[in-house]
Amino acid sequence: MRRPYALSVAIAAALALAACQRVDNTAGAPTVYIDPGTSGPVKGVGIESQDVIAMTDQMLRDMLSQPRLANAAMPPNVIIDSEYFHNESSSRLNKNSITDRLRVGLNRAAAGRMQFVGRHYADMVAKERDLKRQGTVDKATLPAAGAQKGGDYRLGGRITSLDSRDPKTGMMQRYNQIIFEMVDLETSEIVWSGIYEFAKAAQDDIIYR
Amino acid sequence: MAAAGASRLTSCLVAAAMTVGCVTAREQETSPDLGSVHAYLDDKPTELRRHFFIAQAQGQRNRVLNDMRLGLATFALGRNQLSEQLFDDALQGIEAVYADNEQAKKARELLTREQVKDFKGEPYERVMAYYYRGLLYLRAGDFENARASFKGGMLQDAFAEEQQYRADFALMPFLQGWAAHCSGNASLAAEDFKEFRAINKDAPLPRDKDNVLVLVETGDAPVKISDGARLRIKRSGSTETARISWTDPDHPKDHPEDSAVLLEDIYRQASTRGGRQFDAILEGKAEYKSVADTVGNAALIGAILAAKVATESGPRRGTKRKDRERAEDVQQGAAIAAGGLALIGLLSKLTAHAIESEADTRYWDNLSDRVQGLTMTLSDKVTALRVEFQSPGGTMLGGRDIPIQRAGRCGLVWIKDGTAIPRNPRAPNSVPADIMASPVIIPAAPASPAALVTASPPATGRDSKE
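Here the protein sequences come in this chain order: E and P.
Sequential numbering from 264 applies to the first sequence in our numbering.
Sequential numbering from 693 applies to the second sequence in our numbering.
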């Protein structure tokens, strides 16, 4: 009579303890390289690395097919930076990650068909020119220039977003629109425009709703 | 017989004791590697080292919560870079979408409490994380990202149960408009202020020439309590007002002053969210718990009655043998029934005890209760403002001189009444009660025996006023 009773108590205790044995025994994840052009393990509805790569690749190809930019008799001086590239979206981001990739990609692909002006380095160049002209440093090897290069065209653009939420399901959606424009710095004519848009939707687990 | 009874009682008590304090490993604090933790703490503010140590020990489950608390504390200390890192990390956690996540799945289980999930905060806490990140962008003069941050915050407020309370966090569109104003985008600013005006009809809008934003935070953070399966919010703050005065070196004889107006009541935002979808799951758990408990009670009462029958003295002498045998059969049957019912009762009670239906009550405790503010036009020569706090009855509670932090075309003055450094390095309810009450001791670094050893008495109180 005692044995079955003891057994049942032991089973009950084991069952109760089983509820406690929730040890977080995840082995962890070693560092792995992830292709930045693909969606990684952490995802959201904002602008991510694969979006930056896809949009800059598309803009780059589009810009190189524009004859006024890429096939002019005289290679135009182009300024590509984030100074006039505005973020009006709900995504916090470093705009330089977009414009830098665009400039580097264009510079490599253009092969001399466009000349790139590093306006974001203007201060650095001015300081060095002053040192050379003051005689503090020698004249180096390149011939002296009358002035820093001016720009023929400069990149402008805007990032905007439209967000929507469904309170019943917790579904969130964001439409992102990024426009790129190349502006003639004498006439303000827009000589090239490109647009990249995408929308993402996601639903968080119910424990967060 | 007495020994057997004692043995049974002991087994029952052991079984019951084993189920008490059923805490998952995720809720415990770990002991971080001392070498790396000391290297990590090296550049942290001295007054926050124990807090950072606890953040390391509590790991991923409380990562966002500790980031928020420490982000605000370092923001108040003027450690902008560190604060940026902490809020960026917090927002990364908030923005990560938990779909098919193992820990999220566990939190929905019957025998697991909601507390095991990674903390993301309630909407008001998430909005405030975006708010402070936005203020850091304002301090840095990055007005576009400041606006994006405030806008991102507003989106977190879109899930209130009642339509009227959805996306009504007026502070966010106000600051969006201010950021757009500072970046020179008048049309965007007008759009944002229109959105603000639709929520708040009283607070004055910034004038075109305004170039300084003053934000004054008063009161203590809303407190979360678990009302059974429902999460409730309590106000713990008072209602101070703020008067602002300054001296313009160009007009030293003038003593201009102004009052901050209420831009946001954080408690109101916390308490008008309504029920969460997850509350329905917790209520289901609570109902199951209650049924299991009732079944347990009924079975145990049945077991006692059956045991009484089983232990009643047998038939008297002189009764017929047949009657005696029948009575013995009844007693034996009652004994088996008592054992069976006791087992069912015990299991039901254990199940009821193991079901976790309490709402998660971890909360951001160094937040404020209200945000007041105003915008002003001040020359660059005015470098600081005096902010004085008053009780609702007009009694002066103290004041401080706060420098204007200018970046780009705008300046920011931010002040919190009271300290932003949490008294307890552990966030409220962030770990089981016994760990909450234990002192926080940073062990000495292995290489240097003279390294820092700090201990604090267990503290459960709230931030003290300065």
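Where hints are given, some of them may not hold.
Calculated lysine-lysine pairs in the DSS-like style (CA-CA distance at most 30 Å, straight line) [what the hints assert, rightly or not]: (1) P:K1073 / E:K431; (2) P:K945 / P:K797; (3) P:K893 / E:K358; (4) P:K926 / P:K981; (5) P:K893 / E:K431; (6) P:K1014 / P:K945; (7) E:K358 / P:K981.
None of these hints come from the bench; they were simulated from the model.
Taking the hints in turn, this is what the structure says about them:
The suggested pairing of K1073 of chain P with K431 of chain E is violated, with an alpha-carbon distance near 52 Å, which exceeds 30 Å. For a cut-off of 30 Å, the pair hint linking K945 of chain P to K797 of chain P is broken: about 66 Å separates their Cα positions. For the hint pairing K893 of chain P with K358 of chain E, the CA-to-CA distance comes to about 35 Å; that exceeds 30 Å, so the pair is violated. The straight-line distance between the Cα atoms of K926 of chain P and K981 of chain P is roughly 26 Å, inside the 30 Å bound, and the hint therefore holds.
Proposed proximity of K893 of chain P and K431 of chain E is supported: the alpha carbons are some 28 Å apart, at most 30 Å. Note on K1014 of chain P and K945 of chain P: the hinted pairing is violated, with a Cα-Cα distance of about 116 Å set against a maximum of 30 Å. The hinted pair formed by K358 of chain E and K981 of chain P fails the criterion: a straight-line CA distance of about 53 Å is larger than 30 Å.
Checked against the numbered hints given earlier, this structure breaks hints 1, 2, 3, 6 and 7; the rest are met.
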